[in-house]
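Student: Chains as they are written, first to last, in my numbering: chain A, 1 to 235; chain B, 1 to 385.
Incorrect hints may appear among the rest.
[What the hints assert, rightly or not] Facing chain A, from chain B, some residues (calculated, C-beta under 10 Å):
id	residue
1	L2
2	I6
3	F8
4	A299
5	I377
[Unchecked claim] Simulated pairs of lysine to aspartate or glutamate, DMTMM-like, Cα-Cα distance not exceeding 25 Å:
id	chain 1	residue 1	chain 2	residue 2
6	B	K155	B	D203
7	A	K106	B	E284
8	A	K122	B	D301
Hints in this document: simulated from the structure, not taken from any laboratory.
Treat the numbers as computed from the prediction; the structure is a model and nothing was measured.
Ideal Cβ placement from N, Cα and C applies to all residues, glycine included.
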Amino acid sequence: MTEQKKPIVEIKNLYKCYHRESLVVPVLYDITFDIAEGEFLALMGPSGSGKTTLLNLIAGIDKVDEGSIHVGGIDITNLTETELAAWRANSVGFIFQFYNLIPVLKAVENVELPLHLTTLPKSKRREHAEMALSMLGLGHRMDHYPSEMSGGEQQRVAIARAIVTDPTILVADEPTGDLDRVSAEEILSMMERLNQDMGKTIIMVTHDPRAAQRAKVLRHLDKGYLNDAASQNPL
Amino acid sequence: MLLLKILFRNAFHNKLRSGLTILGIAVAILAFGLLRTVISSFYAGVEAASTSRLVTRNAISIIFALPISYAEKIRQVEGVKIVSWGNWFGGVYIDEKNFFPNFCVEPTTYFALYPEFVLDGLEKKAFLFDRKGAVAGRKLAAKYGWKVGDAITLKGTIYPGNWDFVLRGIYRGRDRTVDETQFFFQWAYLNEAVKKMAPVFADKVGFYMVGLSRPDVAADTALAIDNIFKNSQAETLTETEKAFNLGFIAMSEAIVTAIQMVSFIIILIIMAVVANTMAMTTRERTGDYAIMKTLGFGAKDISFLIFGEALVLTLTGCLIGVALTFPAARIFGAELATYFPVFLVSADTVYMDIAAALLIAFLAAIIPTRHAIRIRIADGLRRIG
Numbered sequence: 001m002t003e004q005k006k007p008i009v010e011i012k013n014l015y016k017c018y019h020r021e022s023l024v025v026p027v028l029y030d031i032t033f034d035i036a037e038g039e040f041l042a043l044m045g046p047s048g049s050g051k052t053t054l055l056n057l058i059a060g061i062d063k064v065d066e067g068s069i070h071v072g073g074i075d076i077t078n079l080t081e082t083e084l085a086a087w088r089a090n091s092v093g094f095i096f097q098f099y100n101l102i103p104v105l106k107a108v109e110n111v112e113l114p115l116h117l118t119t120l121p122k123s124k125r126r127e128h129a130e131m132a133l134s135m136l137g138l139g140h141r142m143d144h145y146p147s148e149m150s151g152g153e154q155q156r157v158a159i160a161r162a163i164v165t166d167p168t169i170l171v172a173d174e175p176t177g178d179l180d181r182v183s184a185e186e187i188l189s190m191m192e193r194l195n196q197d198m199g200k201t202i203i204m205v206t207h208d209p210r211a212a213q214r215a216k217v218l219r220h221l222d223k224g225y226l227n228d229a230a231s232q233n234p235l
Numbered sequence: 001m002l003l004l005k006i007l008f009r010n011a012f013h014n015k016l017r018s019g020l021t022i023l024g025i026a027v028a029i030l031a032f033g034l035l036r037t038v039i040s041s042f043y044a045g046v047e048a049a050s051t052s053r054l055v056t057r058n059a060i061s062i063i064f065a066l067p068i069s070y071a072e073k074i075r076q077v078e079g080v081k082i083v084s085w086g087n088w089f090g091g092v093y094i095d096e097k098n099f100f101p102n103f104c105v106e107p108t109t110y111f112a113l114y115p116e117f118v119l120d121g122l123e124k125k126a127f128l129f130d131r132k133g134a135v136a137g138r139k140l141a142a143k144y145g146w147k148v149g150d151a152i153t154l155k156g157t158i159y160p161g162n163w164d165f166v167l168r169g170i171y172r173g174r175d176r177t178v179d180e181t182q183f184f185f186q187w188a189y190l191n192e193a194v195k196k197m198a199p200v201f202a203d204k205v206g207f208y209m210v211g212l213s214r215p216d217v218a219a220d221t222a223l224a225i226d227n228i229f230k231n232s233q234a235e236t237l238t239e240t241e242k243a244f245n246l247g248f249i250a251m252s253e254a255i256v257t258a259i260q261m262v263s264f265i266i267i268l269i270i271m272a273v274v275a276n277t278m279a280m281t282t283r284e285r286t287g288d289y290a291i292m293k294t295l296g297f298g299a300k301d302i303s304f305l306i307f308g309e310a311l312v313l314t315l316t317g318c319l320i321g322v323a324l325t326f327p328a329a330r331i332f333g334a335e336l337a338t339y340f341p342v343f344l345v346s347a348d349t350v351y352m353d354i355a356a357a358l359l360i361a362f363l364a365a366i367i368p369t370r371h372a373i374r375i376r377i378a379d380g381l382r383r384i385g
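In isolation and in its complexed conformation, chain A is listed as follows:
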């Protein structure tokens, strides 16, 4: 029997559909589940199953049609756009498949970017950014532009950017989808460390069973429905 932890994300009766002109395309049906604090959850499922949509809703970058999502006790479904933006800045770290770094900024500036929405002074912002990059083994790459780095290094910069604000949750959408096997393993190991050593709650969408094996909990979506049971990762 595993120890019952306090849920950090609570999703209740979630519905989501997209509108394509006059067409209504349902994406998620009646999703209800919790994510415990410090969990490393992998959301799996075939293409079009609604994994990325669910992740976007949890991260507050899309709006639900029905239902509610509480993250860290805050009902994010009732927040206005401005409130949501402020909430995201404080509470969510994002890791994307294509790294999504700002190409005109150096590695350290990319990591520093989210700190500009905090009250930290300039020197502290730079200090935090450098620390995050050093932690991810990129101390020697601080002044390099994304185009001067490998995919694996760019993804590490993205992870540094995601954790630099010390967010409540980390969301990762196919974080290894664009990487070779060695780089993918490195990234997954880092995420594992973030979860185990720093207690970060990570929600990861992936197609890749190898990536999913690193998560503690697996959940499956199929055609917008959540398979009720969360399975503990056998590894």
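Following the hints, position chain B against chain A.
Tutor: Frame of chain A; chain B shown alone:
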């Protein structure tokens, strides 16, 4: 500060596109500036007109003359300080290609009335004492290499024959707005010749220039002068020098309007070019903006980046265009000095250049900004990869 860094680096990220856009803006601003300067040069005479001078001409048309006897009567009108007169001579130097404005004037009063034409004391004296003497502007003398003492012959187009003069003086303008391409000689010289050739046209003047004791009496004095000659054979029309000069511009109004329209069309074209550039860059950066929104940056920050980028591009182009306008205007003015004797880039033209650049930046960035702000983050992120 980091947003400013992003703004500037974005503006010059695609060097070829930014360079071509800036070049386009610079050329457009240069063309706009030159056209505005052409329009200003049309109005240079109006701007330079004195408020204490009136011009009296034949009420029917300027091509009809007035009797010289009017001079004494005008002098007696209250508010009149000085009266001078002159005729448009319309002569050409060697052939028709060498055209420049040339007048015969009553020399003593004329130079008293027009202190903006600065003539050396000795040269003025020599001019007054020589019936065949003439005075030319500095630019005109430089153009033909004339020096004081040179003999100059003009071919008359209104008054037939060759007219010989001796250059007795070269005047310069009191400031840069004064026309230095004119040629003056003594009215008496023309009148004496006309008396012999066609006595019926003798003792006639084309216009009177009237100096006032105070500018505020202009309206009353003009009315008083015209009242004296009411119901005479040659009724007069007296107006301020400014109104008189504006009357000449009115004859070329269609040209001025056309130039004005072309100058604004240039702005519209460049606005479309910048709008296109901004639309392309914004479309390319949809993902970047989506990421920034994801991280918590708001519409204000995204607007700052897009409007700022448009502003950086247009103002860079504008500054280059303005800097190029001055040498270009000098070359243009030198080549076309006969048609545009005063061709100076005014401060107003520079302000209009900057205003045009700001307007271009603002209008070109509106739609891309609106698009970048309104696009859903999820849709913006989908554009990446």
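Student: None of the hints should be skipped; say for each whether it holds.
Tutor: Evaluated hints:
Interface restraint check: L2 (chain B) against chain A, minimum CB-CB distance 6 Å, threshold 10 Å, status holds. Annotation: I6 (chain B) was flagged as interfacial toward chain A, and the flag holds, the nearest CB pair being 6 Å apart, inside 10 Å. For the restraint placing F8 (chain B) at the interface with chain A, the shortest Cβ-Cβ distance is roughly 9 Å, inside the 10 Å limit, so the hint holds. With its C-beta approaching chain A no nearer than about 8 Å, A299 (chain B) sits inside the 10 Å limit, and its interface hint holds.
Because the beta carbon of I377 (chain B) sits about 4 Å from the nearest beta carbon in chain A, less than 10 Å, this interface hint is met. Using a Cα cut-off of 25 Å, the hinted pair K155 (chain B) and D203 (chain B) holds, with the two alpha carbons roughly 21 Å apart. At most 25 Å may separate the alpha-carbon atoms for a hinted pair to count; K106 (chain A) and E284 (chain B) meet this at roughly 19 Å. Restraint check for K122 (chain A) and D301 (chain B): the C-alpha separation of about 18 Å stays at or below 25 Å, so the hint holds.
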